[in-house]
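*Asks:* Sequence:
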Amino acid sequence: MKKPEDIPLFPLGIVLFPGGRFDLQIFERRYIDLISHCMRTETGFGICLLKSGGETTRENLEQTTHDTGTYVKIVDWNQLESGLLGITVEGSVKFVAEDYWREDNDVLHASVKFSELESTQAETIPLDDQFSALSDLLQSLEDHPLVAASNLTIDYNDMWQLGWRLSELVPLDMNERQRLLEIDDPLERLTRIEKLVSEMANGS
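Residue 49 in the numbering used here is what sits at position 49 of the sequence shown, and the numbering runs on without skipping anything.
Wrong hints could be hidden among the right ones.
Stated by the list, open to error - Derived EDC-like pairs (lysine to aspartate or glutamate); straight-line CA-CA distance at most 16 Å:
#1 LYS113 to GLU5
#2 LYS3 to ASP173
#3 LYS73 to GLU90
#4 LYS113 to GLU182
#5 LYS113 to GLU98
#6 LYS113 to GLU194
#7 LYS113 to ASP6
#8 LYS51 to GLU182
#9 LYS113 to ASP143
Please keep in mind that the hints were generated in silico from the structure rather than gathered at the bench.
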């Protein structure tokens, strides 16, 4: 078992999975410093879904997060027309946080254990035929312009990737996405997604 590692966190109102991408606008000084450090050192940070509090300093007096999140790396950046720094991050590995503290610069840190299974380096698990309809669904979702703009490379025959991408792209409540992230078994995750999609199709 690997020892826990200390990483900075970026609490947000989103759930990201390994291999997923997300665009962020950086304007708070603490996060400008964090991103600058990550770009200099070629390191990343963790994204966790907020339980309480807001994303900004003025909102987060009681900021708490879910323990399961995703470690991300910066894959692109640019200066936006507004003058703010824009970055694109990509999820690399799931983690579970065991302890939290704030540094002097007010950036939240945690001691985390990285998953030994769920990462972009995970060994492919061939898709079971029972989930072929979910593979078709993902391909239809990927055709959406907003999804296509993310330039994701997806292996539709990998149960890990199918579960990760559907968890992000199917229209779900963020707490439901978080529950899907917390599942460690790809078969269990796809079975849950199948049930959720069926319920949406039936209007229940």
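*Asks:* A separate judgement is required for each hint: does it hold in the structure or not?
*Replies:* Hints versus structure:
For the proposed pair LYS113 and GLU5, the alpha carbon gap of about 6 Å is at most 16 Å, so the pair holds. Using a Cα cut-off of 16 Å, the hinted pair LYS3 and ASP173 is violated, with the two alpha carbons roughly 33 Å apart. With a C-alpha separation of about 5 Å, the suggested pairing of LYS73 with GLU90 holds against the 16 Å cut-off. Proposed proximity of LYS113 and GLU182 is supported: the alpha carbons are some 13 Å apart, at most 16 Å.
Of the supplied pair hints, the one linking LYS113 and GLU98 holds, its CA atoms being roughly 8 Å apart against a limit of 16 Å. For the hint linking LYS113 to GLU194, the alpha-carbon distance of about 29 Å lies beyond 16 Å, and the restraint is violated. Restraint check for LYS113 and ASP6: the C-alpha separation of about 9 Å stays at or below 16 Å, so the hint holds. Between LYS51 and GLU182, the direct Cα distance comes to roughly 15 Å. Compliance with the 16 Å bound is thereby established for this hinted pair.
A hinted pair counts as satisfied when its Cα atoms are at most 16 Å apart, and LYS113 with ASP143 does not qualify at roughly 35 Å.
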